[in-house]
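K.L.:
Work out the full structure, taking the sequences as your base and the hints as a guide.
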Amino acid sequence: MSAPTITAPKSPYRFVIHCLQALLAIDLVVCGVFCMNQMLRPQPPLPKMLDDDPLFAADLHKLARDARNGGSQQWLKVAQALVGHGHYDHALACYRHALELDPKNFDASFGLAFCLERTGHLDESSQHYQQLTELIDESGHLQTLGQFSIYDTGKNHLRAERAEEALKTFEQLPNFLPADYQRAKLLIRSGWIDAGLSLIRAPLQESPQSKEFRFLEYRAKIAKQLVDEARLSADLLERSQTTIRTNFAPDFIHSYRVLYGFDRIFEDYSKIFDTKNNDRMAAKLEELRPLVEHKQLPQYKAMLLNLAQVDLDRRLPEAVLKSVQQLHDFKVDNAHILWIEGTALDLQGQTEKAIPLWQRSVTMSPNASLHERLAKWFESKGDLPQCHQHRAQSHLLQARDCYRNNDLQAALLQINQAAKSAPDDADVWFYVGQINRAAGQDETAQQAYAKCISLDPNNSRAHQWIK
Amino acid sequence: MRPALTITLLCVSILTLPLATWMFLVELPSIAAGPAVPVSSGKSYPPSTLPFVRTSADPQPVGLAEITNVQIADLDGDKRNEILACDSSRSCLIQLTLNPAGQWQEQVLIKDLSAPAHVTVVDIDRDGDQDLIVSILGNLLPDDSVIGRVELYEHKDGSYVRHVLLDDVRRVADVQAGDLDGDGDTDLAVAVFGYSRGAVLWLENKQNFQFERHELLNAPGAIHVPIADFDGDGDLDIATGVSQDEEELWGFENLGGGKFKARQLWMTVNLDLGSAGLVQADLDRDGDMDLLLPAGDNLEDFDAYGQPYHGCYWFENQGNWKFVEHRIADLPGTYAAATSDLDHDGDLDVVLASMTNDWTNPRAASVVWLENDGRQNFKTWQIDSHPIHLVTVAVGDIDGDGKDDIVGGCLNLRPPFQRLGRVTAWTQRADR
Numbered sequence: 157m158s159a160p161t162i163t164a165p166k167s168p169y170r171f172v173i174h175c176l177q178a179l180l181a182i183d184l185v186v187c188g189v190f191c192m193n194q195m196l197r198p199q200p201p202l203p204k205m206l207d208d209d210p211l212f213a214a215d216l217h218k219l220a221r222d223a224r225n226g227g228s229q230q231w232l233k234v235a236q237a238l239v240g241h242g243h244y245d246h247a248l249a250c251y252r253h254a255l256e257l258d259p260k261n262f263d264a265s266f267g268l269a270f271c272l273e274r275t276g277h278l279d280e281s282s283q284h285y286q287q288l289t290e291l292i293d294e295s296g297h298l299q300t301l302g303q304f305s306i307y308d309t310g311k312n313h314l315r316a317e318r319a320e321e322a323l324k325t326f327e328q329l330p331n332f333l334p335a336d337y338q339r340a341k342l343l344i345r346s347g348w349i350d351a352g353l354s355l356i357r358a359p360l361q362e363s364p365q366s367k368e369f370r371f372l373e374y375r376a377k378i379a380k381q382l383v384d385e386a387r388l389s390a391d392l393l394e395r396s397q398t399t400i401r402t403n404f405a406p407d408f409i410h411s412y413r414v415l416y417g418f419d420r421i422f423e424d425y426s427k428i429f430d431t432k433n434n435d436r437m438a439a440k441l442e443e444l445r446p447l448v449e450h451k452q453l454p455q456y457k458a459m460l461l462n463l464a465q466v467d468l469d470r471r472l473p474e475a476v477l478k479s480v481q482q483l484h485d486f487k488v489d490n491a492h493i494l495w496i497e498g499t500a501l502d503l504q505g506q507t508e509k510a511i512p513l514w515q516r517s518v519t520m521s522p523n524a525s526l527h528e529r530l531a532k533w534f535e536s537k538g539d540l541p542q543c544h545q546h547r548a549q550s551h552l553l554q555a556r557d558c559y560r561n562n563d564l565q566a567a568l569l570q571i572n573q574a575a576k577s578a579p580d581d582a583d584v585w586f587y588v589g590q591i592n593r594a595a596g597q598d599e600t601a602q603q604a605y606a607k608c609i610s611l612d613p614n615n616s617r618a619h620q621w622i623k
Numbered sequence: 480m481r482p483a484l485t486i487t488l489l490c491v492s493i494l495t496l497p498l499a500t501w502m503f504l505v506e507l508p509s510i511a512a513g514p515a516v517p518v519s520s521g522k523s524y525p526p527s528t529l530p531f532v533r534t535s536a537d538p539q540p541v542g543l544a545e546i547t548n549v550q551i552a553d554l555d556g557d558k559r560n561e562i563l564a565c566d567s568s569r570s571c572l573i574q575l576t577l578n579p580a581g582q583w584q585e586q587v588l589i590k591d592l593s594a595p596a597h598v599t600v601v602d603i604d605r606d607g608d609q610d611l612i613v614s615i616l617g618n619l620l621p622d623d624s625v626i627g628r629v630e631l632y633e634h635k636d637g638s639y640v641r642h643v644l645l646d647d648v649r650r651v652a653d654v655q656a657g658d659l660d661g662d663g664d665t666d667l668a669v670a671v672f673g674y675s676r677g678a679v680l681w682l683e684n685k686q687n688f689q690f691e692r693h694e695l696l697n698a699p700g701a702i703h704v705p706i707a708d709f710d711g712d713g714d715l716d717i718a719t720g721v722s723q724d725e726e727e728l729w730g731f732e733n734l735g736g737g738k739f740k741a742r743q744l745w746m747t748v749n750l751d752l753g754s755a756g757l758v759q760a761d762l763d764r765d766g767d768m769d770l771l772l773p774a775g776d777n778l779e780d781f782d783a784y785g786q787p788y789h790g791c792y793w794f795e796n797q798g799n800w801k802f803v804e805h806r807i808a809d810l811p812g813t814y815a816a817a818t819s820d821l822d823h824d825g826d827l828d829v830v831l832a833s834m835t836n837d838w839t840n841p842r843a844a845s846v847v848w849l850e851n852d853g854r855q856n857f858k859t860w861q862i863d864s865h866p867i868h869l870v871t872v873a874v875g876d877i878d879g880d881g882k883d884d885i886v887g888g889c890l891n892l893r894p895p896f897q898r899l900g901r902v903t904a905w906t907q908r909a910d911r
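Protein chains in written order, with this note's numbering: chain A, 157 to 623; chain B, 480 to 911.
For the record, the hints were derived by calculation from the structure and aren't laboratory data.
Keep in mind the model is a prediction, meaning the values are calculated, not measured.
Keep in mind that a hint or two might mislead.
[As the list claims (entries may be wrong)] Far from chain B, by Cβ distances over 10 Å, these chain A residues were calculated:
1. Ala214
2. Gln287
3. Leu291
4. Ile292
5. Pro359
6. Gln361
7. Thr507
8. Ser536
9. Lys576
10. Ala595
[Stated by the list, open to error] What follows is a list of derived Cβ distance ranges for each label pair:
11. A:Gln287 x B:Arg842: 27 to 37 Å
12. A:Lys537 x B:Val640: 19 to 29 Å
13. A:Pro210 x B:Ile510: 20 to 30 Å
14. A:Thr399 x B:Val516: 33 to 43 Å
15. A:Lys537 x B:Met746: 49 to 59 Å
All C-beta atoms in this analysis are idealised placements derived from N, C-alpha and C, irrespective of residue type, glycine included.
P.N.:
Next up, the structure:
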C-alpha cells in the first residue's frame, strides 16, 4: 500500500510570482547585455596633464563621454578639442578611431594627416594627405580640403629636404598663392632666378603690397647683381603691408582652441568687446577670476590687463590701480602698464604723478598719442622745448606709419608738422626726404636729404639716397 | 515571506532594474582597450656622469618669468663672475650673484627695457669699466612693426647712463662688439630679427656714442651675429643665422676699410628647422672658428612639439669659407647652446637647453651636455628635467671654485605651466 501523496494547497499568488520571477530574469539578462555592451565601448584616451585649464578638462570629459556613446563625429570632436590644445598624440588616437568608425569622415582624415605632420611623422602624414586627396577627387567636393592637403604635402617634402618632390607637389596647385610663393622661393634659392621671377610677376601685379613676393623679388635681383633694382625692391618691401598666409596650422588649431576651456571665455569676451559694452566685458572677465586667480597662468595676466583697460574706459581709477598692483605682484611690468597706471592717476586728478609714468612709457615704447598728450601738458606748463620735442616725436611717428602704409598725403602733412616743431632733427629731415621721394617730389627730397646730412653727417641712409 | 510582499518586491525590481540601468549606463567604466596613444616624442638621456647641483635664487618663482638671455661675466672687475639676465616680463636687466656659501643676491641693474632680448658686456668707450648694450625687441611676440632699438648703458660714476645707438628698426635680437673697420675703436654687429622683414647691420663707431649704420643683409629672422676671424686673415668677420622660413647661415667677410662681402654658407629648404641661435667656438681645436646652430624653435605654434630634425648642428670650418654640417645632438626643442671643457679633458664640450621637449613626460630632458671624445663624437648626458621651457644658457664659474657651472633662463610662454623656473644654475662640485 503506497503512502498517499501530500500536495501543498495551491496559493493564488504562486503563478503570479513565477511570472514575475521570469520577467525579472529577462530584465537581468537584457540589462546585463546593455551594461556589457556599454563597458565594451572604448573610452577616448585623455591626457593626464590637464591641470592648467580646469574648464578645458571639464569640456573634454564631457566630449569624451559623448564620444563613448556616439559615433565617428563625436570622436572627431574629441580629437579636434585635443588638437586645439596641443595634445597631438591623444588627438591622433581619436582621429584614427573616428576613421575606423567611418572611413569617409574627411575631417578626421585631414586631422589625422595634420597631427602626423605636427608630430614629425612626415611620410605617414603625406600618405594620408594623398589618400584624402584621392577620396575627395572621387567624391568631387571639398576642394578646399584637397587644396590644403596637397599644399601640406609639399611642405612635408620641404621639411624632409626633398626639394624636387616639393616643387612637383606645389605645381599641382596653380593659382594658389601660397604654393606659387613656395615654388618661386625654391626656384630662386636653387639658382633658377628667371623662372622664379616670372612666377612672381602675376602675384605682384595682383598684390603689389605683398611682403613675401616683394622679398622674393628683392632676393632674385640681389642674386642677379641688379643692385639698383634690388634697392628699389627693398624700398617697396619696406612699404609693403599685406601678408600671404603660408602656414595654415595656427588657423586650423585656433578654430578649435577657441571652442573650449579658458579660450572660450576669451573668445566670448572678444565678441562682447565689439559691442563696447564695458559692464558686460568686465562681468565676463570676472567670471574667469576665480578660476585663474593666484595661479601661475598666462590667463591671469591677460584677465588683469583686459580688466584694467575696461575699468579705465569705465572711469574707475581705483579698480584700475588695483589691477595694476596685481600685475606688479605677478612680476609684470611694461610700457603699456605704465601708461595705464598714469592714465588712472590722471583720472584721479593726480596728473603730476602721471607725467613721469607716461614719460617712462614713451621712452620704452614710443607712442604718437601719448607724445601729443605730453606735449599738451608741457605747453600748459610753459615748457616749450619739451612741448616741441614731444610734438615733433608725435608727428614723426605718425608720418613714419603713414609712409609705411603708403598713405603719402597724410605722411607729408605729419612730417611737415614735425619739421616745424623740430627743425634741427636729422631723422625728421630724412623722412621728409623719403616721403617726398616716394611722392615723386625728387627735388624736395634731395634738399631734405642734404639738410639731414648737414645735421648728421653720419646718416648713411640719407647718403644712400642723395644723388 | 508573505506572497503579497514578494510580489511587491519583484514588481519594484522589475521596474527599477531597467530604470537604474538607463540612468547609470553611461557612467559604467570601460573595460575595452581604447585606441592606442602613440609613444611620446619626448627624449631623455643617461644621467650626467659629471655631478651637477641645481640651485636657484627663487626655487618657486612668482608669476611667469620670461628670461630671454643669460650671461656670465665679471661686470665689476672683482675677479668673480656675475650672472646677468634679461627679464622681458619685468622689462629689466637683473644681476645675480652666488657666493661660495650658496647664497644668492639679486638686484635690478636697469629697468624700463621694452622686451630685452640680449645683453652684451663691453667697454665700448674704453674707459676701463664694463658698459652694457641691450638688444631691444620692443615686443617679445611676433611683430613686424618698427619697434626695435639698440640701447647702450654707459657705466659712469657707479650708475648707468642710457644712450640710444640705433632706432627706427624692427625687433633687435642680438648685438656683438668688435673693431670691424680696424680703426682701433669698438664697432657693433646687429641682428634685426623683425618678423616678416629684418636685417643684419653693422654700426660704425663715430665716437661720442654716435654710430653710423650699414646694412649687410636684408632678410627676416636674423638671430645672432657672432664676430670672429672666420677666414683667418687677421680681421674680424661676422656670421649670422637667418631663421623664420629662410633657415640660412651667412658669413660677412671683412674686406677692410669697412667693406664686407656677403657669403651664403649654408641653407636648407626645411622651412621648419627652427634655428634658435648661432654660437662660435673652435670645437675641433684646429685653430679656426666653427659655428654651432641650436635648432628647435617652434614658437609660431600654439603648442610646440619636438621634431625629428631638432637638435644641435656643428658647422665645421674647413677654411676658405667652407663650412661642413654635422648633426651632433637630437634634443627636441633645442633653443640654446654654450661650449666649455666641462670635464677638463682638453676638448670643448657643449651644453644644450630645450624649450619644447615633451613636458608631459617628467623625465624629458631640459638641460643636457654633450661629451666630446676629442674627435668630435658626442655623447649626450642628461643634467636635468627641471625647470622646463629653457631658452638661454651660459657656462662659466659662478661660485668661484674654478669649475665651470651652467646657468639657464626660462621663457614660460607655453603650457604646461608646471616645473616653472626663472634663472637656474647647475653648479659643478669642486671636490670632484
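K.L.:
For each hint, tell me whether it holds in the structure or not.
P.N.:
Hint by hint, here is what the structure shows:
| no. | hint | verdict |
| --- | --- | --- |
| 1 | Ala214 | holds (16 Å) |
| 2 | Gln287 | holds (19 Å) |
| 3 | Leu291 | holds (21 Å) |
| 4 | Ile292 | holds (24 Å) |
| 5 | Pro359 | holds (16 Å) |
| 6 | Gln361 | holds (20 Å) |
| 7 | Thr507 | holds (20 Å) |
| 8 | Ser536 | holds (25 Å) |
| 9 | Lys576 | holds (20 Å) |
| 10 | Ala595 | holds (20 Å) |
| 11 | A:Gln287 x B:Arg842: 27 to 37 Å | holds (36 Å) |
| 12 | A:Lys537 x B:Val640: 19 to 29 Å | holds (26 Å) |
| 13 | A:Pro210 x B:Ile510: 20 to 30 Å | holds (28 Å) |
| 14 | A:Thr399 x B:Val516: 33 to 43 Å | holds (36 Å) |
| 15 | A:Lys537 x B:Met746: 49 to 59 Å | holds (57 Å) |
Going through the hint list in order, the structure satisfies each hint without exception.
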